[in-house]
Structure formats: C-alpha cells, structure tokens
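K.L.:
Chains as they are written, first to last, in this note's numbering: chain A, 806 to 991; chain B, 14 to 390; chain C, 29 to 390; chain D, 651 to 801.
Hints are computed from structural coordinates only; laboratory data are not their basis.
It is possible that some hints are incorrect.
Said to hold, decoys possible - Result set (EDC-like, lysine to aspartate or glutamate): computed pairs, CA atoms no more than 16 Å apart in a straight line:
{"id": "1", "chain 1": "B", "residue 1": "Lys311", "chain 2": "B", "residue 2": "Asp187"}
{"id": "2", "chain 1": "B", "residue 1": "Lys221", "chain 2": "C", "residue 2": "Asp327"}
{"id": "3", "chain 1": "A", "residue 1": "Lys940", "chain 2": "D", "residue 2": "Asp794"}
{"id": "4", "chain 1": "D", "residue 1": "Lys790", "chain 2": "B", "residue 2": "Glu77"}
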Amino acid sequence: MGIRKKRLSEIESNDSPIISTHEGGSIVLANLDAMFGWARRNSLWPLTFGTRCCAIEFMAVGASRHDFSRFGNEVARPSVRQADLIIISGTINYKMAPVLKRLYDQMPEPKYVMALGACATSGGPFYYNSYAVVKGADHVIPVDVYIPGCPPRPEAYFYGLMQLQKKITKDRYYTEKKLLKSEKLK
Amino acid sequence: MAEYREIIFNSDKIQTDDYFVNIGPQHPSTHGALRIVAKLEGEIVQSIDPVIGYIHSGIEKMCESLSYPQLIHLTDRMDYLSAHMNNEAVCLCIENALQVEVPERVKYIRTIMDELTRIASHQLWWCATGMDMGAMTTFFYGLRDREPILDIFEETCGARMTFNYNVPGGLMFDIHPNFQKRVKDFIRYFRKKLPEYDTLLSGNVIFKERTKGLGVLSKEEAIAWGVTGPSGRASGYSCDVRKLHPYSAYPYVKFEEKLATDGDTFWRYQLRIEEMWESMKIIEQLIDNIPEGDFAVKMKGVIKLPEGEFYQRVESARGEFGVFIVSDGKKNPYRLKFRSPGFSNLFVLNELVKGVKIADLVAIMATLDLVIPDIDR
Amino acid sequence: MAFSIYDFTDLAQSIHNGLSSSLTPVWTTVIEWAIIGILYILFVALFGLFLVYAERKVCAAIQQRIGPNRVGPYGFIQTIADFIKLLMKEIINPKGVDHFLYNLAPYIVIATVFIIISMFPFAPGLQSFDFDIGVFFVTAVSSVGVIGILLAGWSSNNKYSLIGGIRSGAQIISYELSVGLSLITMIILSGTMQISGIVNGQADGWFLFKGHIPAFIAFVIFIIAGTAETNRGPFDLPEGESELTGGFHTEYSGIKFAFFFLAEYMNLFIVAAMVTIVFLGGWQPLHFGTGNGFNAAMDLLPPIIWFFLKVCTIILLIMWFKWTFPRLRVDQILTLEWKYLLPINLFNIILMSVVVLMGWHW
Amino acid sequence: MTNEELKLTIAKLCSSAEFKDGAQFLEVIVPAADLHHLCRELRHNGETAFDYLFCLTGVDYPTYFEVVYHLDSTRHRHVVVLKARTASREYPVLDTIGDIWPTAYSHEREVYDLLGVRFNNHPDMRRLFLEDGWGFPLRKDYVDPVRIVER
C-alpha cells in the first residue's frame with residue numbers, strides 16, 4: 806500500500822510521529838491532538854488538596870488580586886474524579902504519602918501534578934533530620950512541574966501553570982495511543 | 014472512640030444503624046490534612062475521632078539538632094497564620110533565659126506585627142468559615158483585605174507568610190521607612206471594610222440560624238479541655254495572655270479582652286470579628302509612637318542558654334502558644350516542646366459535636382479555627 | 029398581530045407542508061422528529077455552555093475578580109474547552125458500584141431536561157408539544173430527575189454520595205409541593221393548564237401584575253422552591269462541597285460528570301423558563317392595557333428575545349442567591365418548606381380563589 | 651498564692667515531693683506513685699484550684715523519662731510545674747491524669763507517641779501522629795537510617 810508505519814522504537818524524540826504514519830489520517834489526528842491539548846491546557850481543574858502554608862498561598866492565587874480563574878483554572882473540585890491537576894501544596898509525610906498515591910490513582914487520565922513549594926519539591930526545610938517527611942513528593946507520584954519557594958509567590962504559581970500548559974501543548978496523547986495500539990497489533 | 018477499629022476487625026459487631034464516615038485527610042473542610050472518623054446515624058453525628066499526624070513533620074525532633082537562631086524559622090511553618098507570634102515566643106523565651114532586655118523599639122514593632130498577623134489570620138479564618146458554611150463570596154472578600162497586610166509584611170521582611178523576622182535579641186532588620194504610612198493606610202481602609210463582613214455573613218439570617226446555640230462549650234469545660242484563644246473567650250473564660258502575662262509592648266496599650274458567655278458557634282465567630290477591631294485599636298496606639306533606637310541588641314555569635322527549663326506563653330491568633338525549652342547549656346536545646354493552641358482546641362471537638370448534623374460538624378470545626386500543621390507540628 | 033413577522037408558526041407549517049408533499053406521513057414525522065431532536069440537543073449544549081460561562085463571569089463580578097479571559101474574546105469559549113476536556117477524560121467505573129444504575133443515572137437526569145424543555149414555547153410557534161395539561165406534565169417530569177440523583181447517590185458505593193442522594197430526595201420531594209401549589213395558584217388565575225394558553229392569557233398584562241398580592245406571593249415562593257429544586261445554593265445540600273466533597277456526583281468522572289454539570293445548569297434554565305411562562309408572560313412583550321403607544325414600542329423587540337431576556341434576568345437572580353447566601357442545614361431546609369412555605373402557599377391558593385371569584389384581577 | 655505558700659501546701663499534700671526553686675516557676679518533683687493523688691488534690695482543693703493544665707510534655711533523660719505538667723489556676727493565677735519520673739527507661743509507665751483534666755488524654759497520647767511513655771488507666775492509648783510500629787522518635791537513642799537524612 807505504500808504506507809509504512811514507523812515502529813515506536815524507530816521514532817526519535819524530535820521526529821514527529823504524525824508525518825510519518827499516514828498522509829491522510831495523521832493530519833486529522835494531529836489536529837485532534839492539538840484541539841485536545843488546547844482544551845486540556847485551558848481547563849485545568851485543580852483538586853482542593855493542601856497541607857501546609859503553600860495551600861494558603863494557593864488560596865491567595867485564587868483570590869481577587871491574582872485570580873487564577875483567568876486561566877480557566879478556578880473550578881477547584883473537591884472530588885478527585887473530576888480533577889485534572891493535583892497541586893501538592895505542602896509537606897507530604899510518610900503517613901500522608903499513601904493517601905496522596907491513592908488520590909493520584911483515583912484521578913482519571915489525563916492527569917497532571919504540580920509540586921508547589923520547597924516541601925513538595927524536596928522536603929524543603931524538613932529535608933534534614935526529620936523522621937516523618939518524604940523528601941520530595943516525586944518519591945510518591947510523578948510530578949510535572951516543580952515550583953520553588955517557601956511558599957512560592959502567586960506569580961511563581963502562574964509561571965508554573967504556564968509551564969504546565971506548554972507541556973500539555975506538546976502532548977501527543979491521541980496519536981501515541983494509536984501508535985501504541987498498532988504496535989501491539991504487530 | 015477507638016471502637017471503629019474493633020468494628021472493622023470484628024465483623025459480628027457491625028450495626029446497621031450507625032456507620033462511619035471518613036472526613037479527610039483530603040477534604041475541603043478539614044483545612045489541611047486532618048482526618049475525622051465520624052460515627053453517624055443518618056445525618057446525625059454520634060461521636061468523632063480526630064486522627065491527626067498526616068502533616069506531622071517532627072519539628073520538635075529537628076529542633077534538638079538546630080541552634081536557637083536556626084530553629085526559629087521552623088516555627089514559621091507550624092502555625093503559618095500566626096507565624097510572627099510563634100517566632101516571638103521562641104525569641105522571648107531565649108531572651109528571658111539569657112535575661113536580655115530588648116530595646117523599646119523592638120517591643121513596639123513586634124507588637125504591631127503581632128496584631129497585623131492576628132488580623133490577617135482572622136481574615137483568612139473568616140474566608141474559610143464562610144466557605145465551610147457554603148458562602149463562597151466570603152473567601153474573596155477576606156482575601157482581598159488580607160493582601161494589603163501581606164504587602165506590608167513583604168515590605169518589612171521580604172516574605173508574605175513565613176517571616177523569620179524575629180531573632181533572639183530583636184529583629185532581623187529595621188522596618189521600612191514606609192511602614193508607618195502603609196499601616197495607617199491599611200487601618201483606615203480596613204475600618205471601612207470590616208463592617209462589610211457583618212453585612213455579608215454575620216448579618217445573614219441563615220448564618221445566624223445555623224450558628225446560634227450550636228456546639229455550646231461551657232466555661233468549666235473550656236478550662237478543663239484547655240481551650241484558649243477566641244474559642245475559649247467565647248465561653249467566658251478569660252485567657253488572654255496579652256492581659257494575664259503581658260509581653261512586648263502590650264503593657265503600654267489599652268485594649269479590651271472581649272468575652273462572651275454563650276460559648277456557641279456564633280460567639281466564637283463574633284469574638285474573632287471583635288478581636289480584629291481591638292487589634293486595630295492596639296496598632297493605632299502604637300504606630301505613631303515607635304521610639305527611635307536600635308532594632309536589635311548585640312547577641313553573642315553562638316547563643317547558649319543556661320541550664321534549666323524555660324517556658325514562654327504568647328497569645329497567638331488561635332490561643333495560647335507556649336514554648337518549653339529544656340536546656341543543658343549547649344548551643345541547641347535538649348528538648349523543645351511547642352504547646353500549640355490548636356492541639357487542645359481540636360480534642361474538645363468530640364464534646365461539641367454529639368448529636369449535631371454533619372453540616373454543623375463542619376461549622377463547629379470552622380469556628381474552632383484549626384490549623385493542622387499547628388496541631389501536628 | 030404586531031409580532032406576526034416574528035411568528036414561527038408559518039415557518040413550521042411550510043416546512044411540514046414541504047416535507048409531507050414529497051414523503052409519506054411516517055417519514056415526515058421521523059424527519060421532523062430528527063430535526064427537532066437535533067435542534068434541542070444543540071440548544072441544550074450551547075445554552076448550557078453559555079450558562080456555565082455566565083455563572084463564572086457573574087460570580088467573578090460578585091467576587092471582584094475578572095473571571096475567565098484567556099480563551100477566546102473575554103474567555104467566551106472557555107466552557108467549550110472545559111467540555112472538550114471532559115469529553116476526553118477517562119471514564120472511571122469504580123470498584124463496587126452498581127454498574128447498570130451507575131451508568132443509567134446521568135442519562136435519566138439529562139433526559140428529564142430534554143423532555144421538559146420540549147414543553148416550552150420560546151416564541152409563538154416555537155414549541156414542540158402543547159398538551160392540555162402542560163403545566164402538570166412539567167411538574168410531573170421534573171420530579172423524575174431526582175430519581176437520577178438518587179440512583180447516582182445510591183449506586184456509587186460511596187457514603188458521601190449516598191448522603192447527598194438522600195438529601196436530594198428529601199429536598200426535592202418537599203419543594204415539589206411548593207412548586208406545584210404555586211403553579212396551582214396561577215392556574216386558578218389563568219383558568220388553563222395548557223402552556224400556550226397561559227402565555228396567551230398574558231397578552232394584555234403579565235400574571236405577576238394581574239394577580240395582585242397572591243400572584244406576587246406565589247412568585248416569591250416559586251423562585252425559592254425552584255432554586256431548591258435545582259440543587260443550587262443556598263440549597264446545594266446534595267453537593268455540599270464543604271461537607272460531602274462532591275455529594276451525589278463524587279464518583280463520576282468525564283462525560284458522565286459533564287451530564288450532571290450540564291443538567292444542573294439546564295435545570296436552572298427550566299426553573300427560570302417556568303417563572304417566565306407562568307408569571308412574566310412567556311414570550312409576551314411587556315404590555316399595559318390595550319392599544320397604546322407603549323405596547324407598540326414594546327412589540328418592536330422579537331418575542332424570542334423577550335423570552336430569553338426574562339429567563340436570563342431570573343437566572344441572574346438565582347445565581348446571585350448562590351454567591352451571596354450561606355448554605356442551609358438539612359433540617360432547616362425541610363422546616364422552611366413544611367412550616368413556612370407550605371402553609372403560606374395553601375393560604376395563598378384560597379386568597380387567589382377569592383380574587384378570581386370576585387373578579388378582582390384585570 | 652505565692653510560691654512559698656504553694657510549697658507548704660504541696661508539702662502537706664504529698665510529703666515525698668521535692669522542690670526546686672529559683673527557676674521561672676515553682677517546680678515540684680513528684681514520685682510517680684503519688685502523682686495522681688496529688689493532682690486530684692491540687693485540682694479540687696479550693697486554695698490551690700489548679701484547673702487549667704496548659705502544657706504536658708515528656709523529656710528523655712539518660713536513665714529515666716520525665717513528664718512535665720504545667721498547671722495554672724484560673725482563679726488564683728498561680729502556676730506550678732509538676733514533674734514525674736518513670737522508674738525505668740525500659741518500661742516507662744505513669745498514671746494518667748486525664749480523669750482530672752480531660753485535655754491530658756490527648757497530650758498523654760502525644761507523649762506516648764513520641765516518647766513511648768505509657769499511661770495507666772488511659773482509655774485510648776493509641777499512637778497519635780505516627781502509625782503503629784514506628785519507634786519513639788523523641789527518644790535520644792532513636793535512629794532511622796531510612797527516613798532521616800543526617801546533616
């Protein structure tokens with residue numbers, strides 16, 4: 806038929822999988838991906854999950870002066886099932902870690918994680934000599950964006966959010982899934 | 014109420030009328046990582062068991078390996094909403110142990126910062142209470158008025174929440190030249206805005222219906238359970254450390270210790286609003302009279318406390334905050350204990366919620382003003 | 029009639045004639061159904077999205093914020109992004125749920141919305157069903173929605189959901205009474221249960237003004253009870269974020285949650301539309317008396333615009349409630365209904381009967 | 651009451667108490683056996699009326715644990731510090747005073763959680779912050795090579 810699908814292993818990091826697959830179908834998929842990426846990055850609903858001081862700064866981000874609703878980010882869902890984004894705002898200790906893991910597992914795909922503040926990034930002020938604190942939430946769940954600060958300023962949060970949006974734009978969720986499927990069939 | 018454990022493990026004890034609901038650790042109304050195991054019958058709470066430790070970070074253990082100036086920054090992260098009072102408690106404790114007299118200027122600035130912190134804390138509490146009651150707009154009104162205070166803090170010490178502004182012997186650095194003007198501007202602004210809080214929430218008939226006569230705590234109970242701060246004063250228990258054991262510039266100012274007798278949720282709410290008025294009065298008395306002088310006394314390079322035990326109480330935004338240092342003469346404490354107001358306030362909850370609805374449980378919890386890292390440490 | 033150029037009756041008739049001239053009656057019916065169905069789906073989707081957007085902007089305005097403004101001009105297509113995202117979200121069937129009921133519940137809720145909306149006249153001629161007992165039908169069907177919520181709460185295998193579902197049941201069954209009784213009050217005034225009849229009866233003045241005090245009482249009660257029926261603040265107990273995390277929809281994700289989300293806003297529309305039809309004259313322009321210049325000026329605006337203008341005003345009012353009031357407690361909600369609204373309503377019916385019997389209405 | 655008067659009163663109530671003066675508050679070292687009795691007397695005696703327990707904590711010493719009780723009287727506004735020492739470090743145990751000041755129940759749980767001091771007659775002696783099976787972190791000999799990053 807003249808159409809050769811590249812195996813996943815053949816695809817290099819910069820090699821866009823879209824062009825090499827089909828001529829007709831791939832463009833549709835690429836546009837779909839772009840559309841889903843657009844929808845996802847503009848509608849990141851966070852989970853109301855806060856443990857320490859960063860949660861207060863997260864509240865300040867939501868308040869009138871900074872107002873994250875401008876990014877479509879304001880629909881904070883208390884239920885994990887409807888959230889897209891966990892913002893780990895605060896310390897995660899060994900008792901909380903299984904809870905966090907479970908919350909992450911309960912979240913529907915696609916899901917994103919943001920580590921807000923020093924504690925979630927590395928344990929922060931509790932890195933040394935603390936017996937209870939996990940040294941960074943990425944020991945528990947994968948983190949997409951790290952935001953430094955103790956606690957980070959709201960502006961830092963916005964910068965992190967934009968970085969996450971950039972990351973989502975690059976997602977090739979749909980095309981990759983198709984590729985994975987065809988890979989499996991082979 | 015450890016019976017839920019038995020029930021889980023002994024299935025023959027299961028009753029069909031009662032059931033257990035886990036509220037938290039991830040739950041919008043627990044203000045952090047608190048878990049409450051509630052035994053319910055229908056909507057009615059039979060008893061609860063607070064399970065804490067989801068944010069325990071071992072601060073007391075960490076302090077044992079830190080020197081005194083170093084450990085102050087950890088106190089910021091405990092009760093982050095009254096960070097300045099926590100800092101001050103440790104500093105006062107160290108200063109009293111070393112018998113260092115700080116300059117008057119330091120006392121004034123500390124007191125002003127204390128009261129600003131108290132206002133900011135109560136504002137945030139007000140937001141959270143409104144949200145727990147289902148009035149979302151309070152959240153935005155409260156945080157709107159909190160931002161000017163945070164601006165003052167930021168200009169003074171560079172941080173919005175975790176200041177680390179106090180050091181043993183004084184302050185980290187002097188106040189910004191704009192400080193007095195900014196504070197006065199804020200007071201003028203907030204005197205206009207505070208009545209809005211009444212209009213929006215406490216003047217509302219639904220709010221009054223939901224809070225009056227709910228979760229009554231008698232004076233005797235409050236004392237026995239060690240409930241302090243506005244929660245204790247709502248029960249008529251005069252426990253204001255600022256009055257009883259004055260520190261910093263509190264002896265120089267005139268202010269009222271607001272007391273109520275009802276001890277219900279409404280008065281716990283109302284007293285915090287009134288405390289904000291009192292705090293503004295205190296600041297107004299001090300702000301124009303900040304004496305000239307040094308912002309810190311010269312301390313030794315390595316601070317070593319004499320052998321012995323030292324206790325210092327301050328009034329934080331949530332109640333009586335205490336620092337207990339056992340020193341063995343070395344540069345770091347032998348044992349350091351923080352008496353956090355939230356810890357005592359939390360465990361009275363079981364007494365208050367028997368026979369109320371779930372919604373009331375949330376309301377009572379909100380007006381006890383719990384900050385979980387303060388409890389867990 | 030002054031608004032004949034805005035009348036959709038002729039258009040509908042010509043489409044019908046065109047179709048039936050070339051097709052058998054059966055096919056005509058099928059195609060007309062399809063057209064109507066697609067139109068309703070489009071309407072529900074677009075108006076629902078608009079309402080979500082409007083709510084976010086309204087609450088932002090009340091809360092001194094800006095609201096969404098990054099996606100499209102003034103963030104206008106923000107909700108479309110949300111919707112696409114929800115469509116593509118993973119649908120989770122949690123362990124231990126009653127799969128059949130769990131999957132059925134959102135469809136019941138959304139189907140109810142469609143059935144009720146089909147009863148509404150948006151403009152003259154723009155109504156797909158017009159029963160003799162239209163008002164009765166609307167109240168009957170609107171109580172079916174609660175079954176969806178109850179099923180969602182029960183089948184989710186989650187205690188929060190269960191409490192939310194039961195609360196919703198108690199609340200809607202109670203407030204259904206008030207809704208029904210206020211409608212009966214107005215039916216006494218209008219003398220018909222047919223929706224088009226009610227709307228046409230208000231050509232020379234809306235019932236809110238015609239019925240004097242009893243109509244006004246019924247209006248206030250209907251708005252309170254209607255807000256409670258939509259599960260919105262201050263009556264949002266079934267969802268009660270601060271108590272029950274998500275309430276009955278705690279376990280739903282993706283498109284199924286979107287259904288609940290959409291249905292909540294469309295219920296808002298339904299209540300507002302019922303208020304408009306029964307109290308504010310449906311698509312009728314604001315008229316006083318007959319044949320004066322004021323009425324002629326009012327007729328310049330098309331009826332469909334009048335309808336949506338009134339609907340949006342009521343929706344704005346209900347949104348305002350939500351963002352201002354704290355939430356009621358469950359016993360207070362029931363007390364409000366059974367101790368206050370119901371007796372007032374019963375008294376009001378008698379009052380209205382007297383008004384109608386004595387001929388005091390215009 | 652002044653510290654001297656307090657000293658006399660307490661000596662009357664509990665003859666084996668030792669006093670340490672000169673510190674911030676009056677410190678009384680109580681034998682573990684007399685602790686509950688003395689606390690009850692201090693709480694209910696009209697002259698002392700220590701009705702407010704504002705701090706309860708434990709300290710780890712090389713040979714024993716010491717539990718420190720800070721008592722305040724809301725009527726007379728005097729403060730006393732009671733100290734009770736456990737007999738051994740291997741099986742540290744004291745009597746609970748939660749029936750006198752209910753707030754002590756939770757504080758004692760905290761002491762148990764962090765130091766491993768058990769309290770007799772406590773209705774709910776569970777771990778508070780940490781899960782079952784942890785060590786007692788505030789003990790000086792606590793080591794946890796997995797979780798602690800030493801500086």
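K.L.:
Does the structure keep D:Lys790 and B:Glu77 at a Cα separation of 16 Å or less?
P.N.:
10 Å, holds
K.L.:
Holds or violated: A:Lys940 with D:Asp794, Cα cutoff 16 Å?
P.N.:
Status holds; Cα separation ~14 Å.
K.L.:
Holds or violated: B:Lys311 and B:Asp187, Cα atoms, limit 16 Å.
P.N.:
With a Cα-Cα distance of about 14 Å, the restraint between B:Lys311 and B:Asp187 holds, given a limit of 16 Å.
K.L.:
Keeping to a limit of 16 Å between CA atoms, is the pair of B:Lys221 and C:Asp327 held or broken?
P.N.:
Roughly 47 Å separates the two Cα atoms, so the pair is violated.
In this structure, the one hint that does not hold is number 2.
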